[in-house]
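Respectively, the protein sequence lines represent chains A and B. Residues 32 to 150 in this note's numbering are what the first sequence spells out, letter by letter. Residues 144 to 260 in this note's numbering are what the second sequence spells out, letter by letter.
The hints are simulated quantities; they were obtained by calculation from the structure and are not laboratory data. Beta carbons are placed, not taken as given, at the ideal position from N, Cα and C, and that holds for glycine. Please note: incorrect hints may appear among the correct ones.
[To be verified] Now the in silico label distances, taken between C-beta atoms and shown as ranges:
#: 1; chain 1: A; residue 1: 47; chain 2: B; residue 2: 260; range: 43 to 49 Å
#: 2; chain 1: A; residue 1: 38; chain 2: B; residue 2: 226; range: 17 to 23 Å
#: 3; chain 1: B; residue 1: 245; chain 2: A; residue 2: 100; range: 20 to 26 Å
#: 4; chain 1: B; residue 1: 172; chain 2: A; residue 2: 43; range: 41 to 47 Å
In case you want the letters, here they are:
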Amino acid sequence: AQKITQTQPGMFVQEKEAVTLDCTYDTSDQSYGLFWYKQPSSGEMIFLIYQGSYDEQNATEGRYSLNFQKARKSANLVISASQLGDSAMYFCASQGLNAGGTSYGKLTFGQGTILTVHP
Amino acid sequence: GAVVSQHPSRVICKSGTSVKIECRSLDFQATTMFWYRQFPKQSLMLMATSNEGSKATYEQGVEKDKFLINHASLTLSTLTVTSAHPEDSSFYICSARDPVSEFYEQYFGPGTRLTVT
């Protein structure tokens, strides 16, 4: 079973500044994956970044980086150099994997954080 | 990345009628598809998991007779909202899992906004 907690219902950031969106997780799976998605007002779910539980390095994708602290069960998303187009709802999600990695569970989503970027 | 389409993008129907929403994986074969429901400013709520050729697995509290799911092929799953009522108005999103993707990623469709009058 998986549980994702996003404690920031809304966040504000000035354009060009960095912002951190918090995510903590709870899981009974030994192997799991953590995802971040962006959902603009159009409703589409845009995949941003992925972190595997056994990855030693923090994941990075362009302006997005994932601050993965396994002992603290946190997977915070850092957006650098915020842009107006970053204004959207952001979801953290997790997915369990079995030991062999050949079958996998469903995605569990957090409550989401609405990010507003000010000019 | 892989593409998932959803049709229609918006639908308005009268109370008591049924509505079918299609979800297609366009460039990969999806053995598993998922259907979510989302209310404004809330998270995605998983309704059911659909495996090709077998019955869908519904989440607790989701009425299987009201939300009929069919996964007839490796590229198509459909959700039919039967005898729709205004409280069924919502944003419905499907996703398809690519079994050969690097981290078992789910690719999401663009969603269907259902309004029941």
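Numbers of the earlier hints that this structure fails to satisfy, in rising order:
2
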